[in-house]
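Q: Given chain V's structure and the hints, the job is docking chain C onto it.
Chains V and C, in that order, give the protein sequences.
If you use our numbering, the first sequence corresponds to residues 1 to 478, in order.
If you use our numbering, the second sequence corresponds to residues 1001 to 1283, in order.
Derived by calculation from the structure, the hints in this document are not laboratory data.
Values in this document were obtained by computation on a predicted structure and should not be read as measured data.
Using N, Cα and C, we set each Cβ at its ideal position, and we do this for glycine too.
Partial list, derived from the structure: chain V residues whose beta carbon lies under 7 Å from chain C:
{"hint": "1", "residue": "Gln-376"}
{"hint": "2", "residue": "Pro-377"}
{"hint": "3", "residue": "Val-380"}
{"hint": "4", "residue": "Leu-381"}
{"hint": "5", "residue": "Gln-388"}
{"hint": "6", "residue": "Lys-390"}
Cross-link-like lysine to aspartate or glutamate pairs, in silico, EDC-like; alpha carbons within 20 Å at most:
{"hint": "7", "chain 1": "C", "residue 1": "Lys-1278", "chain 2": "V", "residue 2": "Asp-384"}
{"hint": "8", "chain 1": "C", "residue 1": "Lys-1278", "chain 2": "V", "residue 2": "Asp-421"}
{"hint": "9", "chain 1": "V", "residue 1": "Lys-430", "chain 2": "V", "residue 2": "Glu-368"}
{"hint": "10", "chain 1": "V", "residue 1": "Lys-442", "chain 2": "C", "residue 2": "Asp-1140"}
{"hint": "11", "chain 1": "V", "residue 1": "Lys-260", "chain 2": "V", "residue 2": "Asp-15"}
{"hint": "12", "chain 1": "V", "residue 1": "Lys-430", "chain 2": "V", "residue 2": "Glu-401"}
{"hint": "13", "chain 1": "C", "residue 1": "Lys-1251", "chain 2": "C", "residue 2": "Asp-1172"}
{"hint": "14", "chain 1": "V", "residue 1": "Lys-477", "chain 2": "C", "residue 2": "Glu-1183"}
{"hint": "15", "chain 1": "C", "residue 1": "Lys-1278", "chain 2": "V", "residue 2": "Glu-420"}
{"hint": "16", "chain 1": "V", "residue 1": "Lys-442", "chain 2": "C", "residue 2": "Asp-1219"}
{"hint": "17", "chain 1": "C", "residue 1": "Lys-1207", "chain 2": "V", "residue 2": "Asp-384"}
{"hint": "18", "chain 1": "V", "residue 1": "Lys-477", "chain 2": "C", "residue 2": "Asp-1219"}
{"hint": "19", "chain 1": "V", "residue 1": "Lys-442", "chain 2": "C", "residue 2": "Asp-1186"}
{"hint": "20", "chain 1": "V", "residue 1": "Lys-477", "chain 2": "C", "residue 2": "Glu-1230"}
{"hint": "21", "chain 1": "C", "residue 1": "Lys-1096", "chain 2": "V", "residue 2": "Asp-419"}
{"hint": "22", "chain 1": "C", "residue 1": "Lys-1278", "chain 2": "V", "residue 2": "Asp-419"}
These are the residues of each chain, in order.
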Amino acid sequence: MSGNDNAATRQSVVDDLYAESVHWHLNTGEETIHAKRMGGYWRKIKWLSAAVWIVFFIGPYFQWGERQAVLFDIPNRQFHILGITILPQDFWMLSLTLLFFALLLAVATALAGRVYCGFFCFQTVWTDIFTWLEDKLEGPPQKRRKLDEAPLSFTKARVKVLKHILWLMISVLTGISFVAWFYDAFDLWRDLFTMQASPVAYGTIALFTAGTYVLAGYMREQACFWLCPYARIQGVMIDKTTVVPAYDFHRGEPRGRIKKGQSEEERTTGDCVDCKMCIAVCPTGVDIRHGQQEGCIMCALCIDACDEVMVKVGRPTGLIRYESYESLETNTKPKPLYMRPRVWIYSAIMSLAVIGIVYGLTSLAPLELKAIHDRQPLFVLQSDGSIQNKYTLKILNKMTEDISVTISAEGPEGLIMVDEDLVTTARHGKVTARTVFLRVPKELLTAETTPVKFSVQGESDGQLLQGSRNSVFIGPKR
Amino acid sequence: MADNNPYPGENNTGHVWDDNLRELTNPPPRWWMLAFWASVIWWAVYGVLYPMWPVGHESNKGIMGWTQMDEYKKGVDEVEAVRAEFETQIKGMSAKDILAAPGLSQYAVASAKVLFGDNCAACHGGGGQGGPGYPVLADDDWLYGGGIDTIQQTIAMGRKGIMTAHGKILSDAEINSLAKAIEAGDPTSDPNFTQKGCIACHGMDGKGMAVLGSANLTDGIYRFTPAEGESLLDSIVFTIKYGVNDATEPKSREAVMPAFGGRLSEDDIKKLAVYVHKFGGGQ
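So here's chain V without its partners, still in its complex pose (with noise of 0.2 Å):
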């Protein structure tokens, strides 16, 4: 009785799984792609990944010592973040930065794929948080699919106004939350209210709600199929090793659909019952068993749905898995990750660029300077028989405050700078240039170039500051 029971209610999940079939199809560009919202163990994970922007929103709010923790304060080319403050000058580490990412995107891709597509990417993300709402607001993608069909009666109207209404809030939210890294948090929303901010920060803002709008309400993985460039940057990065939401075409093809009253030992066909439900849940609409394929964002949903699907016909989960093409051809176990020259290749580069981050943040030098020597001319004969070069210093200070500073210079014998008592204010966060004379007897001098190294030396609360910067002195030729 009860063997019949359980053949009796696989079969009506079977009959919904069919029933249900139908409404799936592939992506061919022409229409919405409703997505089938389904939970599961990468749901989850995505849930958490996307739960990164969350940064991206309170982030701007948060308060080191007087000021905003980290503020990319444009107006006066002063980037803070944290504790630190970077001047344009410091900007080579900015470089390293996006190197550094450029590489942690390679590395990701070649070992998992396009993780960042499938998990991180804020076209993915916001698209995920649309179509949630629209999803909570609208009903299941069938229900959807009938309402935007359906003439325009009072009900469709509620629900389409209110989704739209929700959907640009959350477009001006993302537009306000980017502009309060660029300028104080808390003085913005007061200047917004009351009109009082740049027209930059409300085109900003307008730009920002009229792209997310557009972008995760209406392009949605258009976008990803033919407008962005990493797309297709990270499906060269993937190759045969790599680890990517795959379908066991052996396990898997032939792919046929449940008999009535076929019991699982008679069945000819293999694992696949052609459900559709991986092409359900996709959300660009592509079909994972034809392979690795351009509109795959490999976010890994048609895994949760497959393995549901396996648990429901009573077959071994990991149908649709990560595993990549390698593993999957040739039934072996994949390549430990120190075989593979890229990790190694990928990882030294990116120390490099940590490295190279690190020594640059340890090594802010708050007093800089640089000594720029007249052309001319390059030299003067004086009346006392000296030569002398003019020089312009530019004394950079990145200290929050104004510093007094003296130059000093060291250099062939015989050397005097004019006056080197003179002391200059450096003014904070800026570069004051000071013009200085050096003068070296002529009958003193053995080369035509010699080299002189000057110094700058200030004090901030009882810290010495220092900075020097090598230079020539140019005298007659010999």
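A: Frame of chain V; chain C shown alone:
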């Protein structure tokens, strides 16, 4: 043509060449047409708002009243407003006071850079390095003195120093002997220097007199540097023989600093004086 169209019902224009080559009437996509008509409207509205249509030798005024010249003047006014703060101060101050005020002297230098380039650099070089036949402004050897007021006076009034051609007064041997003593930086070692009257202008010590603009002959810095291929001694001999600005001697050296008082405003000259003073030789 439409009557015997061999390919009916495919939106062709009815033009058929070489049996099967035909022109289709595929309309551009909707978005393209929208953009096209939007541009047409834009163009028309623009033509109403801004000057665009030729009217005789001019153009229509445009209801916005915008002209390029107005925009330029507005820009100039903005710059002038920034400058005004400094310029009003400069008006009431002497060049010496401007030099002493740090902020103002910085402004004067920045502002005079253009003036110097326009009026002075042709002879004195962009950085005051001088040129063949023109004095260096970056050293501390001045004919008339390197004080800020003197420099201002030099720019405003010009200078024209005179040295008599001594070729008619002195023998070649005497000239040679004098020239050698000067080249060695010790003109007084030659008795001719005192006896032949050089001291009248160049002083007892040979260091020149700022009042007359006579050169210091002891410091190795020469107002007239040797020409290409000429030795220093030859150049000194030439100066003694033919003099400077001597109207009676056709080969005399020419050295005239024109007066800029009539060409530049007093404020500009003050700024230039500060600029020159800061070249490295101001006293």
